[in-house]
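Let chain H serve as the given structure and place chain W on it in line with the hints.
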Amino acid sequence: MSAALRLVDLTVTYDRHPAVHHVSAEIPGAEMTAIVGPNGAGKSTLLKALMGLAPRIEGRIECTARRIAYLPQQAEIDRSFPISVLDTVLLGRWARFGGFGAASRSDIHDTRHALAAVGLAGFERRPIDTLSVGQFQRVLFARLLLQDADLVLLDEPFAAIDSRTVADLMEVIKRWRAERRTVVAVLHDLDQVRRDFPNTLLMARELVDAGPTREVLSTENLRRARAMAEAWDERADACEAPMRLSA
Amino acid sequence: MLFDILIAPFAEFGFMRRALVASLALAVGGSSIGVFLILRRMSLMGDALAHALLPGAALGFLLGGLSLPAMSLGGFLAGIATALISGIVARFSSMREDASFAAAYLTAMALGVLIVSMRGSAVDLMNILFGAILAVDDAALILVVSTATATLVGLAAIYRPLVVECFNPGFLAAMGIRGALYHYLFLALAVLNMVAGFQALGTLMALGLILLPAVAASFWAREVWSMTLIAAPMAFASAAVGLLVSFHAGLPSGPVIVLCASLFFLGSLLLGARASVRARLSRPAHLRG
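Quick mapping for you: the protein sequence lines, in order, are chains H and W.
If you use this note's numbering, the first sequence corresponds to residues 3 to 249, in order.
If you use this note's numbering, the second sequence corresponds to residues 30 to 318, in order.
Pulled out of the complex, with its shape left as it was, chain W reads as follows:
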């Protein structure tokens, strides 16, 4: 019985196994990106960035059809371009970076939908917007796993400067380090993860597995490294449970996975160790000193 519910779908169907491996890779790489997005107070900007992949992916689609390399490369280039342009606009005008991000991604979204509709059908558009984790093939799997590897190695390499850049950028500057360099390296890794995520979850929800577990983990952890260690298993659990629920109930997998991650967020919000509802309401006896 338990075997039928939990194991059999993966044992019987190759597409479920590939989806599970893909979500493991996404969870491990993406959740640590999510932690830094939150700490840099960029969660909404990250979301905007994910939407901005669309015109690039759409151009790839226009030129190469539903081909993963073309759409991924297009999405990656569009994401990097959006991040760079918004950064430059913010630096050289009095516009705040979040506003320039919003302007950039709205433009990008509209362009993307327009390009897809010029050539594709509504089904293609749905695939790009909402992803298809059950359609992950070997090429996509390699892309997602390579992304996770690059993310972990990259983040480990720039970890200390990046943490200080978030927490006390003036200190980094005073040490003669160009914080902007690490900011953009991080953004490149973030875009890479969104490209990997949009194959599975689509451009609209690619950030679901990246951000929600990270937000949930922030209710438990007291340091950055422990936050990433908590976020990754939550992300993977959301994906695994989401796949099973969508399989048994016949629901689309992407939204179910993201909703599972939302449940982790809600649970942590209510029960977490720090700044949660429980921590607010419970009044343990105060200490003597």
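Isolated chain H (complex conformation):
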């Protein structure tokens, strides 16, 4: 299986503090990979770095995907904004019409189709501030569907979401894998990871382990991740590892 993503000695810092520290790992293509770790372990930061949204990175990210789609945490979106469900989902076609072009009839048709696929048929004209957290997450998944990406990054897709919605959205994710798309999801529910995600990357700023989920989520690895999280020092000295000059 070829790697869709290769992280080479990746460090991402905020204000000199590393959120991701010298991580090297491979994420297999056309497969589902979970990113797991304690709070503050740099999981979301890692996804942001993959999207090119992190402020400062050292090391390298090698990515073979043509098109990447990204589901942010809901807190990053202004859910009181006056915009309709249809318009929100239609943004998934940005790559086609950009900032200035018009949406075609087929774009609108596909949008309705995507809404139906996530169980929101008939919600087109609803303003997003009338939706529940779970319904809004379905809207964001519909937008991901329209993006037609070969690499899908999901940041805590199931936080504060009821089990029925989780089950429905999990079906969408599995369909992506059937279509040979690569899925990388930050998750907290270890039972769910063991059940549905064949691959796992366990991190606590540094990489703890990566590979098949059953081996990675061993008691020993989880204990190590917890111990590393407890040892975080906010007043650490400069890292001894050689600085790389970024290109």
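If you're looking for bench data, these hints aren't it; they were derived computationally from the structure.
All C-beta atoms, glycine included, are put in the ideal place defined by N, C-alpha and C.
Treat each hint with caution, since some may be false.
Short derived list, chain W residues pointing at chain H, Cβ under 7 angstroms [stated by the list, open to error]: (1) T178; (2) F196; (3) M204; (4) G208; (5) A209; (6) E252; (7) V253.
Chain W alone, transformed into the frame defined by chain H:
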């Protein structure tokens, strides 16, 4: 009778006609700027920005006297400089942008008042602070109307990226679009409108016709475009009614216009379709599903 109250002031006096046209232009351009200021949660920052025009306008006044081009150019440059400096300060320090805006505009206000008082009289200062919509001449009219045109064309051009920048900036960044570019384009348009507004309403209240109708419209509209369509007529109505009231009652026009806009705000707050007091209090029967 009705003719005497509503039409005659405009039919008889050229300065009233010019004031009416100027407020129509201000209303159309400014209210859509106001809608985006609110959606970007920048209403107070917008206010700070409007005050920050003062030292630029004052410098223009110092160099060119009470000349509109000099004061407008000065105000525009000062507004842009304030927006850029606050943005840069916020980006390169841990200071939040609203705090840096507040620091910038307080400095600017003090500087402005100082500069005007070095050369002008109290009347000049009052003119700059509170505007004089009844003194709008042809040059000012052209400035205000050109501003409205540039605003509508500019906003139409950057509408989609700007909306996404407000609502989901991460998405825009993920699409490889630099949201900051649209942020600053929008700020430039906003400053332009404040410059146009300060001739009419002064630096202290220039935002009155920009923000109040937009806030009022947010109680009615469910989407951005409809919000701007509702805000513009409210702004124009406030200006027209305000001009008439100030004419008949012999009151200063700027504050009366802004108070009329406040009435629209109050009315919408009480009666609006969304999130208003009425919507809170009335309990229509819930739906079956």
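For each hint, the structure was consulted:
Evaluation of the W:T178 hint against chain H yields a violated restraint, the C-beta minimum of about 19 angstroms exceeding 7 angstroms. With 7 angstroms as the threshold, the beta carbon of W:F196 comes within range of chain H, its nearest partner Cβ sitting at about 4 angstroms, so the hint holds. Interface hint at W:M204: satisfied, since its Cβ lies 5 angstroms from the closest Cβ of chain H, which is below the 7 angstroms cut-off. A hinted interface residue such as W:G208 counts as satisfied when its beta carbon comes closer than 7 angstroms to some beta carbon of chain H; here the least separation is about 11 angstroms, so the hint is violated.
Checking W:A209 against chain H: minimum C-beta separation of about 13 angstroms lies over 7 angstroms; hint violated. Look at W:E252: its Cβ gets to within about 5 angstroms of chain H, closer than 7 angstroms, so that hint holds up. For W:V253, the interface hint holds, since its Cβ comes within 7 angstroms of a Cβ in chain H; the closest pair sits about 6 angstroms apart.
Violated hints, listed in ascending order, are 1, 4 and 5; each of the other numbered hints is respected by the structure.
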